[in-house]
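Colleague: Sequences listed follow chains W and E, in order.
Mapping of the first sequence onto the numbering used here: residues 1 to 337, in sequence order.
Mapping of the second sequence onto the numbering used here: residues 1001 to 1256, in sequence order.
Worth flagging that the hints you see were computed from the coordinates, not collected in a lab.
Where a beta carbon is used, it is the ideal one built from N, C-alpha and C, also for glycine.
There may be inaccurate statements among the hints.
Listed next, the stretches of chain E that the computed footprint assigns to chain W, with coverage defined by at least 3 CB atoms under 8 Å from CB atoms of chain W [as the list claims (entries may be wrong)]:
1) 1072-1086
2) 1101-1113
3) 1117-1127
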Amino acid sequence: MRTPVFLLIWLVICAAVFAAALGLGNDYIFFAGYVVLQYVVLGTAWNILGGYCGYVNFGSAAFFALGAYSTVAIYRLITEHEFYRMPIPVLMLIGGIVSGIVGFGMGYLTLRLRGAFFAIATLALAVVLQTLVVNWDYVGGSRGAYIIRPEQIEPIGNYIRYLFLIMMLLAVAAITIARLIEHSRLGYGFASIRDDELAAEASGVPTLRLKLVATTISGALMGMAGAPFPYYIGYLQPSSTFGLDYAVNSIAMPLIGGTTSWVGPLIGALLLGSLQQIATVTISSAVNLLIVGFLLVIFVIIAPNGIIGLIHTYLQRKPEDFVGRRRVEAEMPGQAP
Amino acid sequence: MIAAGSSNANGAAPALLEIENLGKRFGGFVALENISLSVPPGERLGLIGPNGSGKSTLVNCICGTLRNEQGTVQFGGRRLDGLQAHQRTHLGLSRSFQLPRPFASLTLADNIRIPLLYTVATRRGSHHAAHEIEERCGALLRQVGLGDKARHLPRDLTQVEMRKLELARAMAAEPKLLIADEAMAGLTHSEIEDILSLLFRLNEQGVTIILIEHIMSAVMSFSRRLSVLVSGRKIADGMPDDVMRDPEVERAYLGQ
């Protein structure tokens, strides 16, 4: 399928979903849906580095938070200096650029590490950035920061609908980018890095440069997902923005869905994200991470290649006949020799 | 035998690969010491030596997988110091790995596709059309006798077939110099013949080949020249028959 057609189909689906949500007449659906879509973006972004290249990033929360805090910083600037109010898409672009730059820097510093060592380094990055934000008074420090969002936006009404719509478009952009990468020269290069970096170099793949491309794209998308977050939540706090939920969820969702194609993170995020939202309403919000942990254990044992892996075992097809290419070994990404 | 230098003073063709005083240590262990080797274009060089003599380390230093502390490697008149492995591959240096390292999640055809996308396309500055790549992958796999397995994954292959895949992937980069590191271990007699005739054909097309091999019959029938490494030192270099008669080589190879 050609990319414009793919994009068009998704935009039609989005329009249908938005219309259906409006039809339900309850704005809570937008409130919950926003979080699910945010995880679609985070999972897809994580998967570009983690699934395609095999580098496990534990610092997703840091990139997400960077996007959110760039918005807070700009909001402060605006309220102090009476600038023109910046529209959310512009804020997303700024958040994306900031996180992309940090992703590039992190990549440059840490990509000589492999496997668990790389994962630990990304975790360290998250801790360092959180410490910086906690001690940076301008964006609220440890007290956190308030963002007052407009009540309404013309012509769609409640502001949450607008945020939902924007996040939905970002999700479509993210999966389109992931799919484009997957079927391109870049995707083959990423796959060769995931499988065997030495052999990739010997085949002429500039591995370091490609890995930097991956960390930058992945980081930028996470930052874009984080940029509207202060407007969504209203009160931004370092401990929750840098929270474990984001790091764990953005890893668990692709793993549960399947890591080697764009479909996996999408399915994983929709499934796990919705489950968490339902659990939040019906049981309690504290049960969220428990669900993730529980599902992750089950999937690692019975379906190490995620839901997509399960599907084509069930269909008894050759892996390459299914969507795109995928990893077939029963191993987690990032544990290549 | 007079060592052919990189200079054109004697009217000799400049060497394609010129290694001078190359040394490599791993901590206190000296893996390679003062290796000098000159390979003119079109050569068929056999590189032999007992296990652990440094053959693969030498290949790794030539190809940029390892960095040598001493000496220089020149390829096509260009010093390779500081060039990364993929840059050396782009220049026309290609190698197969002694222990096959296939891209495990990619089909055989896609394994071949990687060097086509990243080396051949880079060198000629444009990308192949999709059907061109398919044809090229199929042709290369057929050459090594894996034509009917193009859609398979490397895990479906035997060790022997993986060696063939390894060779096909190295050939896909369209090298000027191909280093085949034990491509024939474990192969049957007729399979060795197949691989040898393949290497002969490549050589006729102008590809310089360094063959690292333990199977002496293959080495002797293929090589126009033989170099022997023992304990990180080059102890002989010359016509295969002369080298094999060298008492030092006999001692190292056959024992006392």
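Colleague: All hints, please: hold or fail.
Modeller: To see whether the hints hold, each was checked on the structure:
1. Here the segment 1072-1086 of chain E counts 3 residues with a CB under 8 Å from a CB of chain W, which clears the bar of 3, and the coverage holds.
2. Beta-carbon proximity to chain W at under 8 Å applies to 9 residues in the segment 1101-1113 of chain E; the threshold of 3 is reached and the given coverage holds.
3. For the segment 1117-1127 of chain E, the assignment as covered by chain W holds, since 6 residues bring a beta-carbon within under 8 Å of that chain's beta-carbons and 3 suffice.
In terms of the numbered hints stated before, the structure departs from none.
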